[in-house]
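**Student:** Going line by line, the protein sequences match chains A and B. First residue of the first sequence: -1, per this note's numbering; consecutive thereafter. First residue of the second sequence: 451, per this note's numbering; consecutive thereafter.
Read the hints as simulated data drawn from the structure, not as lab findings. For every residue, glycine included, the Cβ atom is placed at its ideal position computed from N, Cα and C. A hint or two may mislead.
Far from chain A, some chain B residues (derived; all Cβ distances over 12 Å) [stated by the list, open to error]:
no., residue
1, 463
2, 473
3, 477
4, 485
5, 497
6, 499
7, 516
8, 517
9, 536
Over the 12 Å line for every Cβ pair with chain B, so calculated as not near, a few chain A residues [said to hold, decoys possible]:
no., residue
10, 161
11, 532
12, 594
13, 685
Pulled a few chain B residues facing chain A out of the computed Cβ check, cut under 10 Å [claimed, not checked]:
no., residue
14, 471
15, 475
16, 478
17, 480
18, 481
19, 482
20, 541
21, 544
22, 548
23, 554
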Amino acid sequence: MVTEAAVWAIFLLPLGSFVLIALVIRPFLNRWPLLAAVSTIGALTAATVLAALTLRSVILGHTAVFPTWEWLSLGGATIEMGLLVDPLTAVMLVVVTSISLLIQIYSVGYMQGDPGFARYFAYMSLFTASMLGLALSSNIVQLYAFWELVGVSSYLLIGFWHERPLAAAAAKKAFIITRIGDVGFLIAILYLFLKADDFAAAGLNAFHIPDIWQAAQPLAAGGAILAGGALTWMALGIFAGAAGKSGQFPLHAWLPDAMEGPTPVSALIHAATMVAAGVFLVARFYPVFQQSDNAMAVVALVGAFTAVMAATMGLVMNDIKRVMAYSTVSQLGYMMAALGMGAFAPAIFHLVTHAIFKALLFLGAGSVNHASGTFDMRYMGGLRRYMPATYLLVVIAALSLIGIIPLAGFWSKDEILLGAWDGNSHLAVWMNRATFISLLAGVALTAFYTVRMVMLTFYGQFRGGIEQESADAGAGGAGEEAAAVHGPAAHGPEEGEGESHQGHSAGGHSGGVHLAESPLVMVAPMAVLGVGAVVAGYVINPQWIDFLGVPVHWITGFVADGLLAATGGEGHAELPEFNWAIAGISTAAAVGGAVLGLAVYGTRLGRPEQDGRAREPLRLLGPVYTLLSQKYYVDALYEGLIVRRGFYRIFAGLMNWLDRRIVDGAVDLAGWFFRNLGSAVGRLQTGQTQAYATAVALGALLIILGFLLAS
Amino acid sequence: MSFEAFMIVAAVLFCIGLYGSLARRNVLAVLMSIELMFNAVNVTLVAMAKYLAPAGLQDDISAVLTGQVFAVFIITVAAAEIALGLGIVFAMYRTNESVELTDAATMRN
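Please build the complete structure, drawing on both the sequences and the hints.
**Tutor:** Below you can see the structure in the form of structure tokens.
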């Protein structure tokens, strides 16, 4: 039985660590920045233990309903603060705390010597605390507050090296694009304000999340306060917020740019916090989504489309972190598609396994950067000889991502594909089929780009790292360097490598090349994640028999039962059984993609040219390569058309006109009027004494006349 | 002599003075015109004291000397004012080399 105080402590410990670092360690003890790391890691260790206890308590079925505290009272609406601990929350808590803890330990090695060491840990604590608060919120307004806090702390961390213009721009881009989605979320909340009286009449609170679930159920006691088109739009508003945070098309553009932050930050953003928040949000309001077929269709199709589109862009990126970033976008698409397909539990299962192997991949990228000084894969190569541990761990994570049995990724991806195959009976058949085919194509693409990444990074000859890259950048002409500047205007029409040149500054130390394994403090957390990436899939969700005391289909059953309880059902949810046919098809797709990748990059085709430069076989695709490396021109569309033309020219132009003509005009008119009035009156002032005297005399006469006429 | 006769004389005097002070350019003439207006006022004051005093007091002139006292004050003040005014005229002549009022337009601006 876990107490309320213990659950609050999961959130308050990292928050306390943030406050301690920000108010005490950084101002007074900044000479010993390691204190900040100790504070963060200590807080997160305790939080991880408490989260595990909470999970255990929820598994054992202890009641975890805590009283809520009134926060605000606005008219008839009462906004409360409280804890909502259900299976979904419990799983999220464990994932967030444990992944974050490992990343903090890794950061001690990665960020060593950085002047912002203490500040970094302060932000990381805040980031983790926000995510934990988000997972624990029982009230939608409380959840929204933490939602924005996650956005703010990601902004701070992406722009951690704020002296680099690219990092500052990336932070701004992430903040603004996620904010666009948040408008939808805010509108959904505002709609609840409108409905507050209806909720109150049914004895519910419009902002209490379980009450919102209940209100969406057509047959529940509350009686479908939310229904019809309004419910669909509300669900879509929530999904807009989730799409912004989770990088779903068309709001995915910020995620790859977020690579400008330190690499452990990327790992945290891409694994446990930030992007997981979007999937979590949809899962949190799943009982609402379930009641709207249209909303489910949108979630499924957007997810499936994102899964394929992001994977294709991942094919051609030269920056190792960008490949992983697009991979994350793609995998989040899988989760969203699974949610839309009604496969709630597999989506959460995939969230968990993805958090493990994607964190490992990013930490591996950081480790590679530690040795080579660059993130540009064209300047890597052959690293397996110098850093065998990193190589082994990254390969494990890569195989897990590809979905090779029996690694973690296989089991969760298989569940999603199975869910997509079974389909959502409320959706049209073509939607189900399109989703399944997209996801299956995504598996092959994932395998290809993952193999490409591993081959370019670890095989072949070492191609010089940051030193070669700097030399090339110096000799290669200013044109290519200019292409690294953001904005499509700077991109050459043919040259599709704009972003790759950011590699040497993006999130790296640029500390020169020293080909050696990373220190133990970095490798050890990776090793832990490596074990997780191998076993987690089967251990937490055994398929056929109880395994190590874990019952069959444990995690999917656990969260699915939680969902069933949330919608007022009883007993256990039905779970799909392992299907050899689907597993075979997905494995075939994965192996096919991987073999193709090996064929292209493992043979002479992908070998470097004579001068040691990497060759890019995908260039043979011609216009397709250009299209992909330009990211489907989505960035160009956003920046060129919407921002530059739409915003700067039309909107800003209109505002400029309004400001000059209307606002300034009014001010100028007032000045003009009184200046002219003054000069007109001034002309009367002749300085002739007798003129004044005449005026006085006439005035006196007028007054006398007035009195005479009045009497 | 009727009360109205005094009033008419005073009004005529006042109007002549007003006209002179507004129309003449020469400062000395203006000052003299102002004296005319003063004296028009003096005439009215003395006449009113004589004719408009309460009926019971009209024979005892010593009880109602208000108007006459006022007139004496005005004469005194007028004398002082002329002294001051002539001083200003001298100063004005020194700077402008003229006693024309139209030349003394420095009050403008």
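**Student:** Take the hints in turn and mark each one as holding or not.
**Tutor:** Hint check results:
{"no.": "1", "hint": "463", "result": "holds, 15 Å"}
{"no.": "2", "hint": "473", "result": "violated, 8 Å"}
{"no.": "3", "hint": "477", "result": "violated, 9 Å"}
{"no.": "4", "hint": "485", "result": "holds, 15 Å"}
{"no.": "5", "hint": "497", "result": "holds, 20 Å"}
{"no.": "6", "hint": "499", "result": "holds, 23 Å"}
{"no.": "7", "hint": "516", "result": "holds, 24 Å"}
{"no.": "8", "hint": "517", "result": "holds, 21 Å"}
{"no.": "9", "hint": "536", "result": "holds, 16 Å"}
{"no.": "10", "hint": "161", "result": "holds, 59 Å"}
{"no.": "11", "hint": "532", "result": "holds, 95 Å"}
{"no.": "12", "hint": "594", "result": "holds, 93 Å"}
{"no.": "13", "hint": "685", "result": "violated, 3 Å"}
{"no.": "14", "hint": "471", "result": "holds, 7 Å"}
{"no.": "15", "hint": "475", "result": "holds, 8 Å"}
{"no.": "16", "hint": "478", "result": "violated, 14 Å"}
{"no.": "17", "hint": "480", "result": "holds, 8 Å"}
{"no.": "18", "hint": "481", "result": "violated, 12 Å"}
{"no.": "19", "hint": "482", "result": "violated, 15 Å"}
{"no.": "20", "hint": "541", "result": "violated, 15 Å"}
{"no.": "21", "hint": "544", "result": "violated, 18 Å"}
{"no.": "22", "hint": "548", "result": "violated, 14 Å"}
{"no.": "23", "hint": "554", "result": "holds, 7 Å"}
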